[in-house]
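Participant: Next come the chains, spelled out residue by residue.
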Amino acid sequence: MTITEKTIQSQKNIGWHGKTLKQMRKEIDEISRETGHYAGLKTLPLKESYPIRYEKIFSKLRGGVVHARETAKRVAASPIVEQEGELCFTLYTPEGDSIVTSTGIIIHVGTMGAAIKYMIKNDYEENPGIEDGDIFCNNDCQIGNVHPCDVHTIVPIFYEGELIGWVGGVTHVIDVGATAPGSMTVGPVSRYDDGYQVACRKIGKNDTLLKDWLIESQRSVRTTKYWLLDERTRVAGCHMIRDLVLDIVKEEGVDTYKQFIREVIEDGRRGFVNQVKTLLIPGKYRQVSFVDVPYKNLDVPPYARVNTIMHAPTELTVHKDGKFQIDFEGVNRWGWHSYNATPVSITSGIWVMMSQTLIPNDRVNDGAYYASQFDLPYGSWLNPDDIRTAHSYAWHFLVSAWSPLWRALSRNYFARGYLEEVNAGNANTSNWLQGGGYNQFNENHAVNSFESAAEGVGASAVRDGINHAAAIWNPEGDMGDMEIWELAEPLLYLGRSIKPNTAGYGKYRGGSGYETLRMVYGAKDWTMFFMGNGYMSSDCGLMGGYPAASGYRFEAHGTNLKERIEKRLPIPTGGDSDPDNPEYDTLMEAKEIIRDKQSITTETIFENYDLYLNYLRGGPGFGDPLERKPKMIEDDLNEGLLLPRYAESVYGAVVSKNEKGKYIVDEKATEKRRKKIRKERLKRGVPVKEWMEQERQKILNKEAAVQVRHMYAGSFALSEKFANEFKQFWNLPTEWHLSEDELGVPTFGAKINHQKKTG
Amino acid sequence: MAQYDRKTIEELIDGTIDFYKLKEMLSNFKDTDRFDKYISILQERVPWDDPILLPAGLHLYIVLKPDGKRVVKCDCGHEFCEASDNWKLHALIHVRDTEEKMVELYPKLLAPDPEWQVIREYYCPNCASQLEVEAVTPWYPILKDFEPDIDAFYNEWLKRPIPQVK
Ligand SMILES: [Zn+2]
Numbered sequence: 001m002t003i004t005e006k007t008i009q010s011q012k013n014i015g016w017h018g019k020t021l022k023q024m025r026k027e028i029d030e031i032s033r034e035t036g037h038y039a040g041l042k043t044l045p046l047k048e049s050y051p052i053r054y055e056k057i058f059s060k061l062r063g064g065v066v067h068a069r070e071t072a073k074r075v076a077a078s079p080i081v082e083q084e085g086e087l088c089f090t091l092y093t094p095e096g097d098s099i100v101t102s103t104g105i106i107i108h109v110g111t112m113g114a115a116i117k118y119m120i121k122n123d124y125e126e127n128p129g130i131e132d133g134d135i136f137c138n139n140d141c142q143i144g145n146v147h148p149c150d151v152h153t154i155v156p157i158f159y160e161g162e163l164i165g166w167v168g169g170v171t172h173v174i175d176v177g178a179t180a181p182g183s184m185t186v187g188p189v190s191r192y193d194d195g196y197q198v199a200c201r202k203i204g205k206n207d208t209l210l211k212d213w214l215i216e217s218q219r220s221v222r223t224t225k226y227w228l229l230d231e232r233t234r235v236a237g238c239h240m241i242r243d244l245v246l247d248i249v250k251e252e253g254v255d256t257y258k259q260f261i262r263e264v265i266e267d268g269r270r271g272f273v274n275q276v277k278t279l280l281i282p283g284k285y286r287q288v289s290f291v292d293v294p295y296k297n298l299d300v301p302p303y304a305r306v307n308t309i310m311h312a313p314t315e316l317t318v319h320k321d322g323k324f325q326i327d328f329e330g331v332n333r334w335g336w337h338s339y340n341a342t343p344v345s346i347t348s349g350i351w352v353m354m355s356q357t358l359i360p361n362d363r364v365n366d367g368a369y370y371a372s373q374f375d376l377p378y379g380s381w382l383n384p385d386d387i388r389t390a391h392s393y394a395w396h397f398l399v400s401a402w403s404p405l406w407r408a409l410s411r412n413y414f415a416r417g418y419l420e421e422v423n424a425g426n427a428n429t430s431n432w433l434q435g436g437g438y439n440q441f442n443e444n445h446a447v448n449s450f451e452s453a454a455e456g457v458g459a460s461a462v463r464d465g466i467n468h469a470a471a472i473w474n475p476e477g478d479m480g481d482m483e484i485w486e487l488a489e490p491l492l493y494l495g496r497s498i499k500p501n502t503a504g505y506g507k508y509r510g511g512s513g514y515e516t517l518r519m520v521y522g523a524k525d526w527t528m529f530f531m532g533n534g535y536m537s538s539d540c541g542l543m544g545g546y547p548a549a550s551g552y553r554f555e556a557h558g559t560n561l562k563e564r565i566e567k568r569l570p571i572p573t574g575g576d577s578d579p580d581n582p583e584y585d586t587l588m589e590a591k592e593i594i595r596d597k598q599s600i601t602t603e604t605i606f607e608n609y610d611l612y613l614n615y616l617r618g619g620p621g622f623g624d625p626l627e628r629k630p631k632m633i634e635d636d637l638n639e640g641l642l643l644p645r646y647a648e649s650v651y652g653a654v655v656s657k658n659e660k661g662k663y664i665v666d667e668k669a670t671e672k673r674r675k676k677i678r679k680e681r682l683k684r685g686v687p688v689k690e691w692m693e694q695e696r697q698k699i700l701n702k703e704a705a706v707q708v709r710h711m712y713a714g715s716f717a718l719s720e721k722f723a724n725e726f727k728q729f730w731n732l733p734t735e736w737h738l739s740e741d742e743l744g745v746p747t748f749g750a751k752i753n754h755q756k757k758t759g
Numbered sequence: 001m002a003q004y005d006r007k008t009i010e011e012l013i014d015g016t017i018d019f020y021k022l023k024e025m026l027s028n029f030k031d032t033d034r035f036d037k038y039i040s041i042l043q044e045r046v047p048w049d050d051p052i053l054l055p056a057g058l059h060l061y062i063v064l065k066p067d068g069k070r071v072v073k074c075d076c077g078h079e080f081c082e083a084s085d086n087w088k089l090h091a092l093i094h095v096r097d098t099e100e101k102m103v104e105l106y107p108k109l110l111a112p113d114p115e116w117q118v119i120r121e122y123y124c125p126n127c128a129s130q131l132e133v134e135a136v137t138p139w140y141p142i143l144k145d146f147e148p149d150i151d152a153f154y155n156e157w158l159k160r161p162i163p164q165v166k
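Those protein sequences? They're chains A and B, same order as listed. Numbering follows full-length UniProt numbering, in which position 395 of the first sequence is assigned residue number 395; successive positions increment by one, without gaps. Numbering follows full-length UniProt numbering, in which position 96 of the second sequence is assigned residue number 96; successive positions increment by one, without gaps.
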C-alpha cells in the first residue's frame, strides 16, 4: 500500500510533478553546478525555435512588473515611495530564483529570493503551509534583507494546485520602530535596537491581510498610516503581477511558461559572460575603500563606544572562461553599530551596480549570479558570525565598499578603449537627515529625507560626473521637490544649492554635491540626527583624480531667527558655501552653532527655529587636475562649483574677474603656473621606496590613531593571509603582530581570531 | 553591430566628442574593432616606437621592448619597471598626512582627517604627471591595482598572437 501513501503524499506537495519545493531547490542547485548551465540547459529550445514568442513573453513580463510598480506606487502616501520610487517588484521561480524585475531598488531581487529560499529550507510547505491566496512578509536582515526598513511582501502564484512561482514586492518604509525615529537610525548597536523584525511570517490568507497582523504591525512602528499604505502598495503590485502571470499561462500554456522561466535565467547567465568577455580583460584587479565609524563619544552602550574604520579590500578576478569573482579577503570584523551587512545584501548590491555598468539592460536576473563567485569572509562586517548584529544603515559602508569596484572595471574599460564606460566611483550617499516627534499636523511622525538619492556621479574618462544626480542604490534617483518635503517634514527650506569643492578634482571632475538649509517649524518633541561619512572620504579618484570631499555637520540651536523674521532682518539662506569663512553666523545669534567633522550623531533635540544643514556628497574625479581645460575651470567658478583659491592651488589656474564680475582663467599664465607646479611636484615627491622606509618605522612603533590600529587588528584576526601579506609588504619581523586586546577598547563579540600569538 | 570611424574614437580620447554621439555609444552594443582603432591612435600619438600591448592608465602603457620584456612606460618616455612589478613602487610619492597639506586641496571641514585617512599622490619622476591618487588609512600597503593576463587576453579572447618586436 506504499504506492497509495506516496500518491497521497505527492498530491499534498505543491511543487512540480508532486515534488516538494525543497526537492526542487536541491535539484536545480545540483544540476546547475554539475553542468555549468542553469537548470542544466545546454541549449535554449524555446528561444531558439520560437525567438519571437520568447521575446514576446519576456516583454509582457518585464512590461508588466514595471507597470505594476508605476501603478502601485500611487497607492502609497510616503514620499520615499511615491516621490523617490523606493520600491521594486520581482518575479521568481518556485525555487526562489529571480526571472525578471521592475525598475527601482533592484537590490531586492536578491533579498526577496533569499527570503523565499529560507521559507523553502524551513519547510513552510508543512507549517505554516503555502496556499493560493497567502501573503508573507519579511524584513529580517539575517534571513534576507539589507536593513529592516525594506519590508517585503511575498505572494505565491498557483496554477491548478501547483506552485508556478512567487512574486515579491518591497518598499522602503519611513519607520520600523527602532531605537530612534527614521528608517535608518543611528543608535541601534544590536539587533534588539534595530526595530520591528518580521521573519518570513504568513500575514494573509485568501488575499486578505490577517487582523492580528494589522493590529500588531501598526502598534510596532511610529508612522502607522505610511506603513499601512506602503503595505497596500506592495500587495496591490504583487496581485497585479500574479494576474499577469496567470494570463500568460492561459495564453501560452503552463509548460511553455515553465520552460521559459528556466531558459530566461540561463540566457541571463550567458548574456553576462558575453558582456564580461566584450568589456573586460582576464586578470586580477585590486582596490580598497574605508569609512569612518566615530562612536567613541556617541550616546550608545559602553561596549559600542569605539572609534573604528570599516575596511573593504577587494580582488576582482576575471577568469579566462568569463567567470567573474570578487574576493573580500581582508575585510575587518563586524561591529556594534548599525552598518553591518549580510552576504545577500553585498552580492545583490553588486548586481545593482552591475546593472548600471556591465549589464545595463533589462535582463537582470539570477543568471548573472550563476556566472559569478563571491568570497565573503565569515565573522566580518559583511558576513557576521553573531545573530546580535544591527543593520539599520547597512548602506553606510555598502555604497563605499562598491565604489572601488568601479575603478576595477574602469581600468578594464580604459585599457580596451571603452572610455565612455569609465567611472571613477560612486559618492557616499549621505547625509541622511532623519528624526521625528510631533510634526506640523500634530501627528506622531518620523522623517527620512531622500534628498540623498541625488549625489554627485563619478567622473568618466571623457567628461565630468553629473552634478547632484544619482545614488548607487537607486539608478533612477531624484532629489524630490522641496514643496513635497516641506509637507512631509516640519522643516522649511532656507536654501538648496550646489556645494562648492565637493566634487573630486581631476582632468574631469566628479559631479558636485549640494546642500539644503532647513529650519525647524511647527514641530513638537522633535529630535534629529546626522548620518554620513565625516573624517574620511569613502571613495577615491582614478588615474590621478582626487576623491570627493569628506563630510561635516552644521546645526544651530537656540537661534534668534524668530525675532529676525518678525523684524524683517536678513537671515541665513542658501549654502554654507565656504565653511572656512562661514556666513550664516553673521546673520543670526544662537546659543550653539556646531560645525564639526563628527557626521554621525544620535538623537539631538531640535526646537522650532533651529537649523540643520543637509549636505549631499559629490563624486570622485578622473585624471591629473593640471590637465583640466581652463575653460572648464572658468565654468566651475562661474557656476559656483569651485572656490577661487582652489582653482589656483589644485588646478594651477590663474584667475581674475572681469568688469561684469565673471571669472576669467588666463590660459597662458595658467600654463606657466602649471609648469611651475610640476617642478614643485618633482621637488616634494619622494622615491616610493624611501618613503616606505619611513612608514615602516611608524608601523614598527605602532604609531597610528587607535581607530586605524583597530581596523587592522580586526582584519588580521579574520585573515591570516591579509596579515601575512601586510607583514611581507612592509618587511616586518615575523614576531610583529597587532591584536584587538592591546588597544584598550572593549572587545565584546570578538570571537574568530586566526592570528597566531607566537613570537 | 555599431562601428565608429577613427575620428570619433579620437574625439572620445580627447574628450571633445558630441554629447549625443557619446550617449548613443553608451546605449549601443559595443563595436568589436574598438581596441584596434584605439591602440593604433595611441601608438601614433606616443613619441616612441615600442609596440603598445595594453594601456595601463591615463599616461601609462604596457609596452614590448626589443629584448622581449614587457615594461610599464609613461607617454613621456619614462620606463618604470617590468609589467610584473608594481609601477607605483618606482614613482615619486607625496603624502598629504597633515592638516596643512590637506587644506591645499579642500576647505578644512571638507578634507579627510589625516589621523583617519591620508592622500597619496604618485608622480612620474620625469614629466611629473600625477598618475594615481590613493585615499587610504596610514600604513596601508601599496596595492597593485592592475594585473591583466595579457597572454590570455590576446590568445584566447581576441584570438590572435600578441604583437611581436619589429
Ligand atoms: Zn611621464
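Keep in mind the hints are simulated off the structure, nothing from the lab. Keep in mind the model is a prediction, meaning the values are calculated, not measured. Hints may contain errors.
Chain A stretches covered by chain B per the calculated footprint, using a threshold of three residues with CB under 8 Å from any CB of chain B [to be verified]: (1) 113 to 120; (2) 159 to 168; (3) 273 to 287; (4) 502 to 510; (5) 641 to 649; (6) 725 to 732.
Pairs of lysine-lysine residues, derived as PhoX-like cross-links and limited to a Cα-Cα distance of at most 25 Å, are as follows [what the hints assert, rightly or not]: (7) A:Lys323 - B:Lys144; (8) B:Lys69 - A:Lys320; (9) A:Lys591 - B:Lys108; (10) B:Lys88 - A:Lys676; (11) B:Lys69 - A:Lys629; (12) B:Lys69 - A:Lys721; (13) B:Lys159 - A:Lys689; (14) A:Lys679 - A:Lys668; (15) A:Lys698 - B:Lys88; (16) B:Lys88 - A:Lys683; (17) A:Lys320 - B:Lys37; (18) B:Lys21 - B:Lys69; (19) B:Lys108 - B:Lys88; (20) B:Lys101 - A:Lys683; (21) B:Lys30 - A:Lys47; (22) B:Lys30 - A:Lys323; (23) A:Lys727 - B:Lys144; (24) A:Lys672 - A:Lys629; (25) B:Lys101 - B:Lys88; (26) B:Lys23 - A:Lys320; (27) B:Lys21 - A:Lys631; (28) A:Lys121 - A:Lys12; (29) A:Lys284 - B:Lys144; (30) A:Lys721 - B:Lys37; (31) B:Lys88 - A:Lys284; (32) B:Lys30 - A:Lys284; (33) B:Lys159 - A:Lys672; (34) A:Lys277 - B:Lys101; (35) A:Lys284 - A:Lys42; (36) A:Lys629 - A:Lys591; (37) A:Lys296 - A:Lys47; (38) B:Lys159 - A:Lys42; (39) A:Lys727 - B:Lys88.
All C-beta atoms in this analysis are idealised placements derived from N, C-alpha and C, irrespective of residue type, glycine included.
Participant: A separate judgement is required for each hint: does it hold in the structure or not?
Facilitator: Verification of the hints:
Coverage of the region 113 to 120 of chain A by chain B is violated in this model, with 0 residues showing a Cβ closer than 8 Å to a Cβ of that chain against a need of three. Against chain B, the region 159 to 168 of chain A contributes 0 residues with a C-beta closer than 8 Å to a partner C-beta. That does not satisfy the three-residue criterion, and the hint is violated. Coverage of the region 273 to 287 of chain A by chain B holds. Counting CB-CB distances below 8 Å, 10 residues qualify, and the rule asks for three or more. Check result for the region 502 to 510 of chain A against chain B: holds, 4 residues qualifying (beta carbon to beta carbon below 8 Å, three or more required).
Counting residues of the region 641 to 649 of chain A whose C-beta lies closer than 8 Å to any C-beta of chain B gives 3; at least three are required, and the coverage claim holds. Here's how the region 725 to 732 of chain A fares: 4 of its residues keep a CB closer than 8 Å to some CB of chain B, so the rule of at least three is met and the hint holds. For the given pair, lysine 323 of chain A sits about 21 Å from lysine 144 of chain B by alpha-carbon distance, which is consistent with the 25 Å threshold. Distance restraint check for lysine 69 of chain B and lysine 320 of chain A: the Cα-Cα separation of roughly 23 Å lies within the 25 Å cut-off, and the hinted pair is therefore satisfied.
A threshold of 25 Å between alpha carbons decides the hint, and for lysine 591 of chain A with lysine 108 of chain B the separation of about 24 Å falls inside it, so the pair holds. Between the alpha carbons of lysine 88 of chain B and lysine 676 of chain A the distance comes to roughly 23 Å, so the proposed pair stays at or under 25 Å and holds. Between lysine 69 of chain B and lysine 629 of chain A the CA atoms are separated by roughly 36 Å; this puts the pair beyond 25 Å, and the hint is violated. Under the criterion of a C-alpha separation no larger than 25 Å, the hint pairing lysine 69 of chain B with lysine 721 of chain A is inconsistent with the structure, at around 31 Å.
With a C-alpha separation of about 39 Å, the suggested pair lysine 159 of chain B and lysine 689 of chain A falls outside the 25 Å cut-off, and the hint is violated. In summary, the hint linking lysine 679 of chain A to lysine 668 of chain A is supported, as the alpha carbons are separated by about 17 Å, within the 25 Å threshold. Taken as a hint, the lysine 698 of chain A and lysine 88 of chain B pair is honoured in the structure, with Cα atoms around 20 Å apart against an allowance of 25 Å. Taking the CA atoms of lysine 88 of chain B and lysine 683 of chain A, the gap is about 18 Å. The hint holds against a cut of 25 Å.
Of the supplied pair hints, the one linking lysine 320 of chain A and lysine 37 of chain B holds, its CA atoms being roughly 24 Å apart against a limit of 25 Å. Proposed proximity of lysine 21 of chain B and lysine 69 of chain B is contradicted: the alpha carbons are some 39 Å apart, above 25 Å. Straight-line distance between C-alpha atoms of lysine 108 of chain B and lysine 88 of chain B comes to about 28 Å, which puts the hinted pair past the 25 Å bound. With a C-alpha separation of about 15 Å, the suggested pairing of lysine 101 of chain B with lysine 683 of chain A holds against the 25 Å cut-off.
Using a Cα cut-off of 25 Å, the hinted pair lysine 30 of chain B and lysine 47 of chain A holds, with the two alpha carbons roughly 23 Å apart. At most 25 Å may separate the alpha-carbon atoms for a hinted pair to count; lysine 30 of chain B and lysine 323 of chain A meet this at roughly 20 Å. A hinted pair counts as satisfied when its Cα atoms are at most 25 Å apart, and lysine 727 of chain A with lysine 144 of chain B qualifies at roughly 16 Å. Using a Cα cut-off of 25 Å, the hinted pair lysine 672 of chain A and lysine 629 of chain A holds, with the two alpha carbons roughly 14 Å apart.
For the hint pairing lysine 101 of chain B with lysine 88 of chain B, the CA-to-CA distance comes to about 21 Å; that is within 25 Å, so the pair holds. Proposed proximity of lysine 23 of chain B and lysine 320 of chain A is contradicted: the alpha carbons are some 30 Å apart, above 25 Å. Simply put, lysine 21 of chain B and lysine 631 of chain A have alpha-carbon atoms about 22 Å apart, close enough for the 25 Å limit, and the pair holds. Our distance criterion of 25 Å between C-alpha atoms is met by lysine 121 of chain A and lysine 12 of chain A, whose separation comes to about 17 Å.
This hinted pair checks out: lysine 284 of chain A and lysine 144 of chain B have alpha carbons roughly 9 Å apart, not beyond 25 Å. For the hint pairing lysine 721 of chain A with lysine 37 of chain B, the CA-to-CA distance comes to about 42 Å; that exceeds 25 Å, so the pair is violated. For the hint pairing lysine 88 of chain B with lysine 284 of chain A, the CA-to-CA distance comes to about 16 Å; that is within 25 Å, so the pair holds. As the CA atoms of lysine 30 of chain B and lysine 284 of chain A are separated by approximately 23 Å, the hinted pair is consistent with the 25 Å bound.
Proximity of lysine 159 of chain B to lysine 672 of chain A is assessed by CA-CA distance (about 47 Å); at most 25 Å being required, the pair is judged violated. At most 25 Å may separate the alpha-carbon atoms for a hinted pair to count; lysine 277 of chain A and lysine 101 of chain B exceed this at roughly 43 Å. This hinted pair does not check out: lysine 284 of chain A and lysine 42 of chain A have alpha carbons roughly 29 Å apart, beyond 25 Å. Proximity of lysine 629 of chain A to lysine 591 of chain A is assessed by CA-CA distance (about 46 Å); at most 25 Å being required, the pair is judged violated.
Pair hint lysine 296 of chain A plus lysine 47 of chain A does not hold up; C-alpha atoms about 58 Å apart against a cutoff of 25 Å. As the CA atoms of lysine 159 of chain B and lysine 42 of chain A are separated by approximately 24 Å, the hinted pair is consistent with the 25 Å bound. Distance hint between lysine 727 of chain A and lysine 88 of chain B is fulfilled; the C-alpha atoms sit about 19 Å from each other, no more than 25 Å.
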